[in-house]
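Enquirer: So the protein lines, in turn, are chains W and B. Under the working numbering, residues 1 to 281 are what the first sequence spells out, in order. Under the working numbering, residues 282 to 555 are what the second sequence spells out, in order.
Careful, some of the hints might be misleading.
[What the hints assert, rightly or not] Capping the alpha-carbon separation at 25 Å, the derived lysine-lysine pairs in DSS-like fashion look like this:
{"no.": "1", "chain 1": "B", "residue 1": "407", "chain 2": "B", "residue 2": "387"}
{"no.": "2", "chain 1": "B", "residue 1": "407", "chain 2": "W", "residue 2": "164"}
{"no.": "3", "chain 1": "W", "residue 1": "277", "chain 2": "B", "residue 2": "385"}
{"no.": "4", "chain 1": "B", "residue 1": "385", "chain 2": "W", "residue 2": "227"}
{"no.": "5", "chain 1": "B", "residue 1": "525", "chain 2": "W", "residue 2": "164"}
{"no.": "6", "chain 1": "W", "residue 1": "227", "chain 2": "B", "residue 2": "387"}
[Unchecked claim] Calculated from the model, a selection of chain W residues having no Cβ within reach of chain B, i.e. all distances over 12 Å:
{"no.": "7", "residue": "97"}
{"no.": "8", "residue": "103"}
{"no.": "9", "residue": "125"}
{"no.": "10", "residue": "130"}
{"no.": "11", "residue": "146"}
[To be verified] If you want the footprint, here are the derived chain B segments under chain W, 3+ residues with CB under 8 Å:
{"no.": "12", "region": "367-374"}
{"no.": "13", "region": "393-405"}
No lab work stands behind these hints: they were computed from the structure. Every residue gets a Cβ at the ideal spot worked out from N, C-alpha and C, and that includes glycine.
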Amino acid sequence: MIASIFDLILTSPILQRALVASLFVAFIAATSGSFMVFRGLSFLTAGVAHAALAGAALGLLLQASGFAPWFSPVLGAVIFAVLMAVLTAYAGERGIAQKMEVAVGVAFALSMSIAVFLMYYLPPAMIPQIWGYLFGDLLLLDNLDIVLLAGTALSLILIVILFKKEFVYVSIDMEGSTAHGMSARGYHYLMIIVAAIAIALTAKAVGAVLVYAILVAPAAASNEVLKTVNGVIIGCFVLALLAMLIGLASSFAILASPSAIAGIVAALMYVAAIQVKRLRR
Amino acid sequence: MEGKHLTNHPHLIEAESLSVKYPNGELALEDVTFTTDASTFLAIIGPNGSGKTTLVKTMLGLLKPCSGSIKVLGYDAKREYNAIRRLVRYVPQRDHIQHNVPMKVKDIVLMGRLLKKSPPRFASDKDVDYARDALRRVDLEELWNQPFPELSGGQRQRVLVARALAGEGPILMLDEPMSGADHDSQVRIVDALHEYHEESQANIIMVTHDLNPIHIVVKDVLMLNRTVMGIGHPCEIMDTELVKQVYGPTAYIVELDGHKYCITHDSGIDDHDR
Ligand SMILES: Nc1ncnc2c1ncn2[C@@H]1O[C@H](COP(=O)(O)OP(=O)(O)OP(=O)(O)O)[C@@H](O)[C@H]1O
Ligand SMILES: [Mg+2]
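Just chain W, with the same shape it has in the complex (with noise of 0.2 Å):
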């Protein structure tokens, strides 16, 4: 059994590369998906991965109409993400995590308007690479998909090693941060913008509906059950990873979409993390 997967991973690209995406996806959770938890902005990952649908319908209308073929569904998809971003950020400037959870309810609401409305007037044949951006799936990527992860997730990696402790300052207490001399307001865009960057690119490889399962729960789940923050970031690349080698595993078993038991799997992981903290007191 054990020698026999070997030989399919060895044997079958599609599988090598949903391997090393999810590796990938693991490293973008845990650098992304956690510091939004502690942000108290988990809620902008899904607003961010609907936001990029919308750009990414932008995009396409762009390029069907010959009116700016240069202008990618990518390029869209990274420039609505930031908007949101932006937009969030500065409702949350004062360093209120309630503030930018109403930002980002109304952005996440002006975007998926605009991606409806955007997609009434695409060609027909077009339809189908909007869904993308909607429902990827890890057994479908191509090479490009995997650079594309390979760059965000060492990108955010380095990002997050170098100011872990700002983006916890900030988290933590915005005011005082600031009122100590350091720049607060600076970090607090820099950690704001890069996560939707990386959730905007992570949704076009793999699918807006695996971005959100799978850059939450893990980390909501491993910050309700670990005590310190590497702590977290650590065990929510762990879940991660675990999740979607679980949904991998399963889709063979059963011929499921390999994204949506990963995030099944993600959600029981974040009730059994409650349960587990119940049982705890």
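For chain W, the structure is supplied; the task is to place chain B with the ligands on it using the hints.
Expert: For chain B with the ligands alone, kept in the frame of chain W given last:
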């Protein structure tokens, strides 16, 4: 060095017809003028909504005056806030601290030192020594390795006071550091700040809406109600006419051991502890 010279500036705060307005048009401070000498232990008192937090934030350059000016150790808060922030250690009002980040108590206390460094902000042995000493001063040494979010409200306040004590810079600004703290924690906080002030001569600016617990340790009191209602030594401020004017007709003064205390309808009640 110019910075050195200004740190020896004789006045801690110089406010000149300062007015501060919020974007919604609320005029939180109007025509505030006063001067306090360094080094002092200053209490800023006044009822809820009287502009205490607004004044502290304006001193830090977090809010901008709409007219007039305020200087901290000679630096203008509107233009030279970077210089002021280098001198200050600040504890914001309680509801500004988020508890969903899994930090240990030691990480919070060390923050007081690491925020003043430049990245990568590594903690040296000296930083750790200062942090431990600060936590000892508020009597919570044994919590060094405990998760901060799991502490009680009063313990958290003491840890935040320790964060200020651990840091460096000649000014500590604390916005209602005793809110949510029980009597014991209040006493620990007051004693720790008093002891630290006597030892280091650091200036302490403490916002509070109840002067009584700190009456005998503070040197100066500023009483605010949108503008300056009074400034002076604690017993000078505790004037029957004045407290009735600020806190309403039910407020009165009692004398105890030669000190005057103000009793208002909300004395001892902490309205931030909802
Ligand atoms: N962000 C804001 N936007 C608009 N108005 C504000 C804001 N913050 C405070 N205010 C108003 O400014 C006035 C002074 O508020 P401030 O917070 O300075 O009072 P305070 O003396 O610190 O009160 P408390 O004892 O409740 O902390 C109040 O009337 C308040 O409603
Ligand atoms: Mg206040």
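Enquirer: Does each hint hold? Answer for all of them.
Expert: Against the structure, the hints come out as follows:
Taken as a hint, the residue 407/B and residue 387/B pair is honoured in the structure, with Cα atoms around 14 Å apart against an allowance of 25 Å. For the hint pairing residue 407/B with residue 164/W, the CA-to-CA distance comes to about 22 Å; that is within 25 Å, so the pair holds. Of the supplied pair hints, the one linking residue 277/W and residue 385/B holds, its CA atoms being roughly 18 Å apart against a limit of 25 Å. Restraint check for residue 385/B and residue 227/W: the C-alpha separation of about 8 Å stays at or below 25 Å, so the hint holds.
Restraint check for residue 525/B and residue 164/W: not satisfied, since their Cα atoms lie roughly 51 Å apart, outside the 25 Å limit. Distance hint between residue 227/W and residue 387/B is fulfilled; the C-alpha atoms sit about 13 Å from each other, no more than 25 Å. Residue placement check: residue 97/W does not keep its beta carbon more than 12 Å from all beta carbons of chain B (closest about 7 Å). No Cβ of chain B approaches the Cβ of residue 103/W within 12 Å, the least distance being about 16 Å, so the stated non-interface status holds.
Look at residue 125/W: its CB is around 46 Å from the nearest CB on chain B, clear of 12 Å, so calling it non-interface holds up. For residue 130/W, the requirement that its beta carbon stay farther than 12 Å from each beta carbon of chain B is met, with the minimum near 35 Å. No Cβ of chain B comes within 12 Å of the Cβ of residue 146/W; the nearest lies about 31 Å off, and the non-interface call holds. Look at the region 367-374 of chain B against chain W: 6 of its residues bring a Cβ nearer than 8 Å to a Cβ of that chain, three or more, so the hint holds.
Figure legend: the region 393-405 of chain B, annotated as covered by chain W; annotation consistent (7 residues with Cβ-Cβ distances under 8 Å, at least 3 required).
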